[in-house]
Amino acid sequence: MITIGVVHDAGIALFTIATVVTCCRLAVRVHDGLLCWDDFWASFSIASCALMLTGVLIIIHPSDSMSQLTIVTAYYLADAGFYACVWSSRFSILCTIKRITPTYDNWLRAMAVAFFGMWLFLTTQAIVHCEKHPDWKTTTRQCPLGSSVAIAQLTTAVFTDLILCLTPARMIWNSDLTKPQRVRLTIVFSACLFTTVASLAHAYCIWARSYLDQWLAAAFETSISMVVASLSVLVSFSFRLATMYTTFEGSSASSSGADQTVMLTSVWVTRDAEISAAARKSNALEDRDDSDSSIKCDRTSVHTVVEGRA
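Its first residue numbered 7, the sequence shown is counted upward by one per residue in this note's numbering.
One or more of the hints may lead you astray.
Said to hold, decoys possible - Derived CB-CB ranges, DEER-like:
1) 250 with 210: 28 to 36 Å
2) 252 with 11: 26 to 34 Å
3) 75 with 15: 21 to 29 Å
4) 247 with 144: 53 to 61 Å
5) 134 with 250: 28 to 36 Å
6) 203 with 140: 42 to 50 Å
7) 115 with 203: 37 to 45 Å
What the hints contain is simulated information worked out from the structure, not anything from laboratory work. Here a beta-carbon is modelled for each residue, glycine too, at the ideal position from N, C-alpha and C.
Produce the complete structure using the sequences and hints provided.
And the structure:
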C-alpha cells in the first residue's frame, strides 16, 4: 500500500539519484569544454524537479499553520514543475540529436516548436481544468485531473518519445561506424521508451484519481527522464574510460609511468582532434563558416559518435 511516508522517501531518493546522474553528465561536459544547449536543458530539469518535489512534499504532509492559498500554490508549483522537468529532459535529448544530425536542422527546429507547444498545452490544460473545478481546494486539496488530462499526457509522451527514438536511427545505421558502435548508440536513444512506460503508469494513476500513486509515478517519470537525457554522455564517457584502461593494461609491462602519462595525454589530444575534424565536416554539410560563433556547439555535433572511436 502506498503511504505518505513511501511517497516522501521515494521522492527524495529518486530526485537525489537523478540529480547525481545529471551532475556527473555536466561534470563530463565541463571537463571536455563542450557545454551546449542540451546541457542547459539538463540543468533546467534539476531545478524543475526540485520545484516539483517541494510542492509535492507540502501537498502530502501540510503543516497546520499553512493556509489554503499556500497549499493550492504548492499544488500548481508541483504540477508546473513536473511538466517542466519532463519536457526539459526531452529538449535536452532533442538538442543532442540536433548536434549529431546537422542535416536535419530544419525538421528538428520544427520538432522543437512542436515540443514547446505540447509542453505549454499540457500545463495550461491542467491549470484550466483545476480552476473549472475548484471544490478540491477545500476538500482533497489535490485537483482531480481526470481522463482528458491523462489521455493528452500519454498521447504526447508516446509521440515525442517515438520521435526521439527514431530520428537518429537513419543517421546511425547509414554512418561509417562499426556495428558495435551503432548498436550502442541505438540502445542509448531507445532508452527514451523507458520514459514512455513511466508516462503510461502516471497516466493510469491520473485516470484512477489515486493521488499518492499519482505523485509517486510522477517522481519516477521525472527521474527516469533526467537519467535518460544524460545516458548519451555518460555511456560514451564510460566506453572512453574503458578504452583508456585497456590501453594502459596492454602497455603496462613495457611502458614506464612517464610513458603511460604521455599515452593518456595522447588519447585525449587525439580525441579532441577527431572532434574538431568532424565538426568541420558538419559545418561543410550546412555551408557554415568555422568562424561562426556557434562553432563550440558544432564541435559537439558528433561528440557522442567520436567518443566511441577514441
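Results of checking the hints against the structure:
1. 250 with 210: 28 to 36 Å: violated, 45 Å
2. 252 with 11: 26 to 34 Å: Violated: the Cβ-Cβ distance is about 46 Å, outside 26 to 34 Å.
3. 75 with 15: 21 to 29 Å: Between residue 75 and residue 15, where Cβ atoms are some 28 Å apart, the hint holds.
4. 247 with 144: 53 to 61 Å: Holds - the Cβ-Cβ distance for residue 247 and residue 144, about 56 Å, lies within 53 to 61 Å.
5. 134 with 250: 28 to 36 Å: violated, 54 Å
6. 203 with 140: 42 to 50 Å: violated, 33 Å
7. 115 with 203: 37 to 45 Å: At roughly 28 Å between Cβ atoms, residue 203 and residue 115 fall outside 37 to 45 Å, so the hint is violated.
In the structure shown, a violation is registered for the earlier hints numbered 1, 2, 5, 6 and 7, in ascending order.
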